[in-house]
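Trainee: One letter stands for each residue in the lines below.
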Amino acid sequence: MRQALAMLLPLTLALVACQREERDTRPQSALGSGEQPTPVTTLEPGGQRPSPTDNKAASFEANAFHMSEGKRLFSWFNCSGCHANGGGGMGPALMDEKWLYGSSIESIHATIRDGRPNGMPSFGQKIPDDQMWELAAYVRALGGNAPSSAAPQRNDDMMVHPSENRLPDAATLGKSP
Amino acid sequence: MKRLAFMALAPFCVLLLQGCAGWQSALDPKGPAAGELAWLIWFFTALCAVVWVLVMIALAAPLVMRSRPGDEPLLLNAGAERRKMRVVVSAVGLTAIILIGLTLLSFFANRTLAAIGSDAALTIRVTGHQWWWEVRYENATPSRILTTANEVHIPAGEPVRLLLTSTDVIHSFWIPSLAGKLDLIPGHMNVLDIKADKPGVYRGQCAEFCGAQHANMGTFIIAEPRSKFDAWLNDQLQPAGAPASGEAKAGADLFLKRPCVMCHRIGGTPAGGTVAPDLTHIASRKTLAAGTLTMSRGNLAAWIADPQGIKPGSHMPVADLNGDELNAIVAYLEGLK
Amino acid sequence: MKQRAAADLSGLPTFGHGPRSPTWWGTLGFMALEGTGFALAAGAYLYLALSWPAWPLSAPQPNHWPGTIVTILFVVSLVPNHILHRYAKQCSMVPVRIGLVVMSLLGIAPLVVRWFEFPALNIYWDTNAYGSMLWVLLGLHTTHLITDVGDTIVLTVLMFTRHGYSGRRFGDVGDNVFYWDFVVLTWIPIYLLIYWAPRLG
Amino acid sequence: MSSADVTGDRHIQEPDPAKGDLAPEREGPRDTGMDDASLHRWLERTWRTPSGIFGALSSVDHKVIARRYLITAFVFLCLGGLNAVAMRIQLSGPQRGLIGPDLYNQLFTMHGVTMMFLFAVPIVQATGIYLVPLMVGTRNIAFPRLNAFSYWIYVSGGAFAWVSFALNMAPDVGWFAYVPLSGPEFASGKRADVWAQMITYTEVSSLAVAVATIVTVFKQRAPGMSLDKIPLYVWAMLVTSFVVVFAMPAVMITSTFLILDRLVGTHIFNPAEGGDALLFQHLFWFFGHPEVYIIFLPATGMVSSIIPAFARRPTFGHLGLVLSLFAVGLLSFGLWVHHMFATGLPKLGASFFTASSMMIAIPNGVQIFCWLATLWDGRPVIRTPLLFVFGFFFIFVIGGLTGVMLASVPLDLQVHDTYFVVAHFHYVLIGGSVFPLLGAAYFWFPKISGRMMSERLGRWHFWLAFIGFNAAFFPMHLVGLWGMPRRVYTYPAELGWGNINLFISAGALLFFLSFVLFTFNLVHGALKGTSAGNNPWDAGTLEWATSSPPPSYNFARIPVVTHIEPLWAEREALPVATGLRVDARELLISTVAEAYPDIREKSATPSIWPLLAALAVGGTFLYSIFTPWAIVWGAAPIAITLIGWFWPKGDPEDQE
Amino acid sequence: MKGTLHPAPAGVDAAQGARALAIWNSFRTCIFSVMLLACGPFLSGASEPPSAAAIAPPATAAPPDDGQWTMPAKNYASTRFSELTEINEGNVKNLQVAFTFSTGVNKGQEAAPLVVGNIMYIVTPFPNIIYALDLSRPGAPMKWKYEPNPEPAAQGVACCDVVNRGAAFADGRIFFNTLDGHTIALDANTGKPIWNAHIGNINIGETITMAPLVVKGKVLVGNSGGEMGVRGWVKALDAGDGHVVWTAYGTGPDKDVLIGPDFKPHYDMDKGTDLGVTTWPPEAWKIGGGNMWGWISYDPDLNLIFHGTGNPGPWNPDLRPGDNKWTSGIFARDADTGAAKWFYQWSPHDLHDYDGINEQILLDMTWQGKPRKVLVRPERNGYLYILDRTTGEVLSATAYGPVNSSKGVDLKTGRLIANPDKRTGTGKVVRDICPTASGLKDWQPSAFSPKTGLLYIPHNNLCMDEEGVEVNYIAGTPYVGMNVRMIPGPGGNRGAFTAWDVAAAKPAWVLKENFPVWSGTVVTAGDVAFYGTMEGWFKAVSARTGDLLWQFKTSSGIIGQPITYRGPDGHQYVAILSGVGGWAGAIVSGDLDPRDATAALGFVNAMKDLKNATTAGGTLYVFRLP
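Heads up: the protein sequence lines correspond to chains A, B, C, D and E, in order.
Quick note: the first sequence, position 3, residue 3 per my numbering, numbers continuous.
Quick note: the second sequence, position 334, residue 334 per my numbering, numbers continuous.
Quick note: the third sequence, position 34, residue 34 per my numbering, numbers continuous.
Quick note: the fourth sequence, position 525, residue 525 per my numbering, numbers continuous.
Quick note: the fifth sequence, position 28, residue 28 per my numbering, numbers continuous.
It should be emphasised that the hints constitute simulated quantities derived from the structure, not laboratory data.
Check each hint, because a few of them may be wrong.
What the hints assert, rightly or not - Calculated pairs, BS3-like style, for lysine-lysine (alpha carbon to alpha carbon, straight line, at most 27 Å):
hint	chain 1	residue 1	chain 2	residue 2
1	D	Lys602	D	Lys649
2	E	Lys286	B	Lys257
3	B	Lys286	B	Lys337
4	E	Lys608	A	Lys98
5	A	Lys98	E	Lys611
6	E	Lys412	E	Lys553
7	E	Lys286	B	Lys249
8	E	Lys608	D	Lys347
9	E	Lys264	E	Lys412
10	C	Lys89	D	Lys602
11	D	Lys229	B	Lys84
12	D	Lys229	C	Lys2
13	E	Lys428	E	Lys271
14	C	Lys89	D	Lys649
15	E	Lys370	E	Lys506
16	E	Lys286	E	Lys271
Working from the sequences, and respecting the hints, build out all of it.
Mentor: Put into structure tokens, the structure is as follows:
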């Protein structure tokens with residue numbers, strides 16, 4: 001029994017680590033499409049709805065590679081043009097606590113896919129689904145909502161803010177950019 | 001035992017004969033720089049082989065000539081030691097002379113190489129990307145600056161100056177049959193002068209490990225007579241031709257509607273991505289995906305349908321197109337000569 | 001194999017000071033490798049400084065005063081340090097105990113001032129490479145300072161126990177003195193590099 | 001020269017009479033005049049490793065630790081070899097789809113990291129840990145607990161890397177992990193962090209061993225072993241240790257800078273914010289080139305030990321060999337730039353490094369010529385160790401000569417980062433280090449195990465290894481010149497590299513099989529080999545003066561050295577020194593140059609604290625790839641374990 | 001300060017017969033003005049330096065003041081000078097609030113209110129509501145309002161807040177632009193739409209934020225979107241029915257730019273065929289910016305309009321080698337046909353987003369002994385240019401603040417001498433470039449007083465670090481390619497209000513402000529200059545000495561354009577819209593996160609503390625003497 005437990009521990013460890021470092025670049029149909037409706041509000045008459053989470057979200061949300069790819073796409077697809085490096089500009093800031101259309105990865109994915117009326121374009125046809133998930137995972141990481149062991153780090157570029165896995169600490173840094 | 005050793009060596013000799021050919025070989029020089037280097041390689045190899053053979057003879061001699069296997073350890077004879085010392089010292093002296101010679105040789109070879117491009121009329125900026133090459137032909141008239149990808153056309157017989165840099169990681173530009181390699185380093189600009197003696201197609205590939213698809217980061221230098229080169233440059237400067245067929249027309253629309261437009265540029269259309277290869281004249285290139293596939297309708301379709309199967313980890317995503325859409329886009333791209 | 005006695009070692013002492021003791025050589029070895037580390041870090045700083053014409057990358061000049069105070073404390077501490085060394089060689093317990101307490105305090109004092117050195121750099125490690133190198137150099141030295149002060153304090157406590165009455169312990173005190181010299185000496189070039197090199201440009 | 005001259009009473013210093021506040025020195029039984037049986041009983045009780053698992057974990061016996069080191073390094077060799085086999089299978093044909101780029105990149109990185117940091121350096125140091133104290137005639141290595149600590153650090157570092165590999169977290173950026181590829185932007189996840197921290201702390205272990213080795217050689221030599229009588233192997237280990245001390249900090253600095261860039265956002269390698277990617281290469285190769293000599297120099301020591309034993313005469317040009325060791329060690333720091341010729345450095349500077357790179361061939365030439373002269377003049381007895389030395393000559397000289405080619409700037413531009421370079425450094429490292437190591441394994445195996453390995457299997461092993469190696473690596477020169485870059489997980493069929501790569505893969509498999517044979521021979525020898533006796537080869541250095549395997553105290557009485565090959569010079573009776581205590585771990589400290597007896601010092605007793613300290617350090621490093629605060633949290637357990645380590649326990653060894 | 005103590009609107013008792021009075025008042029003012037103008041040279045001759053007296057806007061472009069404010073720049077010469085003198089240096093300290101009006105939109109209020117007759121018109125930022133306030137009734141009640149309901153998606157492609165810089169009045173109509181690319185003509189009296197021209201396409205990132213200018217029955221409008229890869233243009237719409245009369249592009253072939261045989265640029269660098277194509281990499285001109293979102297001036301005598309062109313896109317200069325004609329320059333065009341007369345490029349191959357769209361003040365002055373028709377332009381790149389507006393020749397170019405991005409202007413070739421040390425490019429951070437992308441002065445217009453001969457320049461004092469990055473052109477998304485972080489300029493004051501002596505080419509005095517002075521300015525014949533600060537102070541300073549005479553803290557930061565007019569009661573009023581925003585105030589109006597140094601194209605980094613100084617708002621304040 002104890003041996004079994006001892007076996008189990010590294011196994012779980014392995015699974016957790018694999019998920020964090022997995023580098024699948026081919027879409028996995030087994031994970032589902034992630035096309036579920038995501039309400040913008042939490043108000044729901046008739047009782048609370050179970051929070052929407054599917055395999056797809058989970059496989060992107062805490063994956064270091066996908067978040068890092070998301071960071072690359074964030075600038076390649078000009079997200080940074082409007083949202084800067086999370087601080088916002090033409091578009092709202094993404095690194096703060098305020099979410100106009102929901103902070104879950106599903107909501108962010110839906111925002112990218114469908115757009116939002118006050119200026120967020122709809123990228124549904126323009127970005128493959130997996131890359132939207134990568135972007136959504138990165139956007140969450142911008143606000144410090146990703147596990148620090150998987151969050152992407154700074155770019156070899158101008159220092160715009162402390163690297164993503166240190167963002168929650170940024171307030172304590174005072175003057176540090 | 002010696003026979004065994006010979007048997008081991010025999011296949012090498014066969015391979016040696018088989019080799020030397022190929023369009024990506026340092027031993028098959030097609031330009032003055034590579035020629036100088038190939039000569040240098042052969043000279044060094046020959047000299048080193050001679051030295052090696054001498055050492056092996058010196059090693060084998062006592063074994064062949066040994067009379068009595070030892071038993072009691074020998075005590076030293078001062079006179080014999082001194083005699084041997086003279087031999088060893090002269091061997092070391094000879095080594096030193098050879099090395100000085102080789103140093104001087106490589107120093108002068110270096111100077112010869114440096115002289116090749118001093119009067120280059122054409123400057124081409126090559127920027128390394130994960131995992132493809134951006135090629136920009138500089139021109140005093142900005143509207144004649146051509147940006148293309150993965151293939152470098154040069155006029156044969158003329159020195160060409162390449163400016164090498166990178167926007168992501170370190171790559172290395174290497175066309176073995178024309179010149180030695182030089183790194184593309186972010187934050188640095190390197191200058192490589194090349195010259196192809198004769199028209200031809202010379203393959204090269206990235207020689208500095210640059211991540212997942214380092215293996216599939218090929219490039220071609222296509223040397224052409226000056227007139228052909230100029231004509232090629234003029235063609236390439238034109239915007240992409242209008243889609244010829246109805247299917248191609250649909251493909252052009254799809255190109256702008258689907259993920260393609262997010263990264264690629266096609267001159268004359270609103271597609272203006274710069275982070276991926278310029279596709280304005282993609283069908284005029286020899287290969288797809290930086291030397292990974294030869295250019296053909298089938299490969300084009302295969303590449304668009306499953307880039308992650310062909311070049312796993314590359315930045316080309318699977319675009320989720322249905323069969324008709326795929327065919328339409330292929331039809332369109334195929335027409336971009 | 002047969003043996004024949006050829007030498008008698010019974011009269012040898014059981015401990016030695018300075019280069020006679022292996023510990024001294026071990027300490028020297030570690031100084032050599034740590035010193036190499038310092039030299040390379042300083043070399044990296046100079047490499048970057050010489051690569052960029054605008055060094056120190058338009059950062060404000062560091063406030064040198066905390067660093068200067070640390071330097072003064074360091075230099076002053078060398079005097080009691082070497083007095084301590086003399087007594088350690090004589091194996092006299094009371095002066096050694098006093099000396100160790102003094103050296104512990106003189107170790108803690110620069111450490112306290114060091115706390116103020118970091119903000120006095122006037123730049124963060126993640127602002128640019130200049131800031132990074134400053135923090136790296138200062139951090140590298142601080143690591144050595146902390147470990148040596150910790151070492152001194154442990155040794156001080158040890159010398160107040162019954163284990164102190166041993167020749168080997170006095171040898172350890174001598175090595176501790178030796179290492180403190182190293183900590184002080186490596187600081188001088190780093191001090192110049194951090195606080196005065198940016199003022200040159 | 002008689003033994004009395006070197007250990008004469010006039011050299012032994014009288015204890016200082018005025019010794020302040022010291023506890024009175026406690027006396028114990030001495031070995032003077034003690035009969036062999038009771039001497040053995042006494043010493044065995046004092047020096048043995050305690051029994052039980054706890055005892056084994058606390059061991060500070062240099063031989064026990066060296067054995068663990070050797071076995072662990074061998075295991076890593078096998079793992080690294082399996083990596084290589086996997087890669088060769090993938091490369092055996094064009095466009096083979098067995099292994100994708102993601103795994104392949106991890107494979108070759110792990111192969112490089114394992115072979116360089118977990119096999120090559122540890123195994124040469126392990127051999128040194130085993131042999132140096134025996135060769136200089138002392139009872140244990142200096143700083144035995146540090147030595148034990150270094151092993152635990154090493155093994156946990158290796159485990160760290162390989163567990164990461166099992167978790168799909170292994171570094172995939174090449175063993176030299178150039179930025180920006182390994183930097184924060186382009187290496188996502190923790191893979192490059194694993195590289196950086198694993199490097200940093202396996203190097204801690206190397207550095208600790210290097211310091212221990214230096215002090216052992218400087219201060220613990222048997223009386224009379226003045227500088228001119230130090231065996232060449234010990235010289236080689238000494239020079240190696242110095243190179244380690246001055247080179248390893250560079251890689252620690254590099255990996256620390258990298259981890260700082262990655263984890264706390266410094267900009268040391270970020271060209272946009274005033275850093276420079278090339279700085280990484282300069283720092284890394286400032287270590288990386290000496291690294292080659294760290295691996296190679298001990299092997300020359302081994303060759304210098306094997307050749308005289310089988311040539312039946314002392315080495316020719318002892319002084320020349322020692323000086324060339326120093327020259328190589330020194331020059332190895334002056335040619336790091338020849339790894340960077342393709343980065344576009346200023347031409348003139350590059351030419352300077354060409355010259356210095358060429359120059360290092362001169363001392364290496366001196367070594368080769370001296371060995372050849374020794375063989376030429378001797379009456380060689382051809383046994384397996386010597387066969388491997390011949391293999392070393394055959395292969396290493398090719399590697400050295402291709403090295404001369406690489407040192408030439410223009411030539412390097414063609415072959416740099418191609419399979420030519422892969423071939424070159426395998427010729428240098430396998431030819432220059434693994435073949436001597438294999439020879440050394442056959443040579444010293446009897447000493448370590450007390451049994452002989454099979455000579456027949458040994459010869460089979462040699463020829464299999466020799467042919468396999470050359471078949472695998474010689475064609476790589478060619479395929480490199482034909483344009484095949486290194487670190488490619490596949491190649492297009494139309495380049496025509498298929499056949500030759502298939503041949504290479506077959507050779508690699510053969511080479512791998514030779515190691516299977518070797519393993520069998522090792523196990524067979526250890527279990528069933530014929531008994532070896534003290535000195536099966538009738539060699540001349542001190543390690544052969546004691547029993548095989550040596551007792552825990554190494555020598556019942558400390559030998560007195562009168563000659564460079566003491567066992568050849570004193571064939572009837574070995575002069576020894578007496579007067580050490582037998583109830584405490586007393587050993588002799590001598591003077592640096594002349595090795596006059598100076599101090600009877602106590603060596604440390606077994607302790608579990610080095611293991612605990614290593615666990616604390618290892619845990620801190622592991623945790624640090626996830627948060628920089630690990631350094632702060634880890635400081636407490638590290639401090640506690642270190643205090644536990646150094647705090648006296650009241651043993652006789654602590655008292656003086 | 002004192003104004004706050006007297007909030008009640010005064011003068012209501014005189015409301016009976018106010019209309020008659022108003023007519024009489026304007027008549028009286030006209031006479032007075034003519035007299036004043038006639039006496040001007042003699043009056044000022046005594047107190048002002050003689051050269052100043054020679055500087056004045058051409059009378060046709062700046063007709064005598066009628067007390068109204070019909071276009072944001074006051075007149076075609078763009079002087080923003082009011083001849084009203086009731087409020088003057090002596091009594092301005094007594095100013096008090098007459099009334100306020102909340103626009104209901106909490107975004108950057110950059111517009112100038114218009115006053116025509118008894119009605120005040122104000123345009124809000126997106127959703128671009130236009131209000132008509134009846135000034136003749138107590139409290140100025142709303143007469144009508146018009147909601148154009150622009151597409152909300154337009155907010156997503158507006159580079160720097162969803163501002164609008166005002167409307168224009170002509171022939172009984174109010175013309176204004178909406179963010180989503182419409183130009184609308186309303187009946188000034190009823191607010192009924194007359195025509196609505198859709199001329200901008202937000203799907204390619206095109207927006208319109210500028211205030212139109214009506215010249216000879218044509219409404220001149222330009223587009224915004226230089227940060228989105230939008231090709232710039234100026235269109236002339238027929239004021240009657242809104243059809244496009246001509247379109248002049250900012251890049252591309254000569255026929256698109258309306259370059260014809262009349263085109264006679266002064267400098268060689270601007271001569272050649274199709275320079276708008278050949279000075280760009282292939283086809284880059286199609287997405288190359290050169291937008292016209294700033295100010296147009298008009299000289300009726302020469303029948304020329306003058307307008308600048310915006311920055312080339314993208315910002316990263318590595319992506320567009322060449323001079324990038326006709327961006328960051330100024331055109332003189334025939335007012336009827338749009339045909340280009342001359343062109344001058346302020347910043348060839350612009351490196352730092354130095355749009356060339358600032359206001360140009362048309363003046364007549366004596367230059368080196370000869371009378372010249374000039375155009376004065378405080379340019380974004382930090383130089384105050386004086387151009388001969390008939391030829392485009394640069395007479396002088398003097399830095400009016402700290403500039404290190406260039407080393408001056410070569411008056412022979414007309415070329416800006418760029419500082420190679422501050423050349424930006426991909427992958428390297430260039431530090432301490434002054435001025436910033438927002439320029440030494442951005443759009444915020446200055447005012448010129450012929451009385452003092454001084455130009456009152458509200459401007460910034462910022463520097464920046466820049467790094468070029470690769471960028472994709474994806475239609476409808478930003479196309480910038482530059483990481484920017486701004487920092488306060490030398491001295492630490494982020495803004496300044498400089499009075500520039502045009503004749504002497506040096507500052508007369510400088511007022512330092514903590515935040516950039518992002519508001520416009522107005523100066524009156526009463527020798528008072530008004531401007532607002534981003535903390536929310538509305539300030540009146542002496543036009544001669546710069547002494548602070550009066551200030552009033554409004555509810556939000558001020559980035560609007562103050563105006564002054566004569567009310568129906570015959571008294572002089574001053575009006576300003578308060579409501580922080582714009583590029584500089586985006587941190588507040590867009591609630592951006594100051595932890596990101598590059599937020600709002602780097603401006604946030606210099607404005608981290610603005611959130612502590614003010615909050616978003618949108619209120620009209622109107623002041624008068626008690």
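Trainee: Are the hints correct? Go through all of them and say.
Mentor: Here's how the hints hold up against the structure:
no. : hint                   : verdict
1   : Lys602/D with Lys649/D : holds, 14 Å
2   : Lys286/E with Lys257/B : holds, 20 Å
3   : Lys286/B with Lys337/B : holds, 11 Å
4   : Lys608/E with Lys98/A  : holds, 18 Å
5   : Lys98/A with Lys611/E  : holds, 16 Å
6   : Lys412/E with Lys553/E : violated, 48 Å
7   : Lys286/E with Lys249/B : holds, 22 Å
8   : Lys608/E with Lys347/D : violated, 48 Å
9   : Lys264/E with Lys412/E : holds, 17 Å
10  : Lys89/C with Lys602/D  : holds, 19 Å
11  : Lys229/D with Lys84/B  : holds, 22 Å
12  : Lys229/D with Lys2/C   : holds, 21 Å
13  : Lys428/E with Lys271/E : violated, 34 Å
14  : Lys89/C with Lys649/D  : holds, 24 Å
15  : Lys370/E with Lys506/E : holds, 20 Å
16  : Lys286/E with Lys271/E : holds, 21 Å
In the structure shown, a violation is registered for the earlier hints numbered 6, 8, 13, in ascending order.
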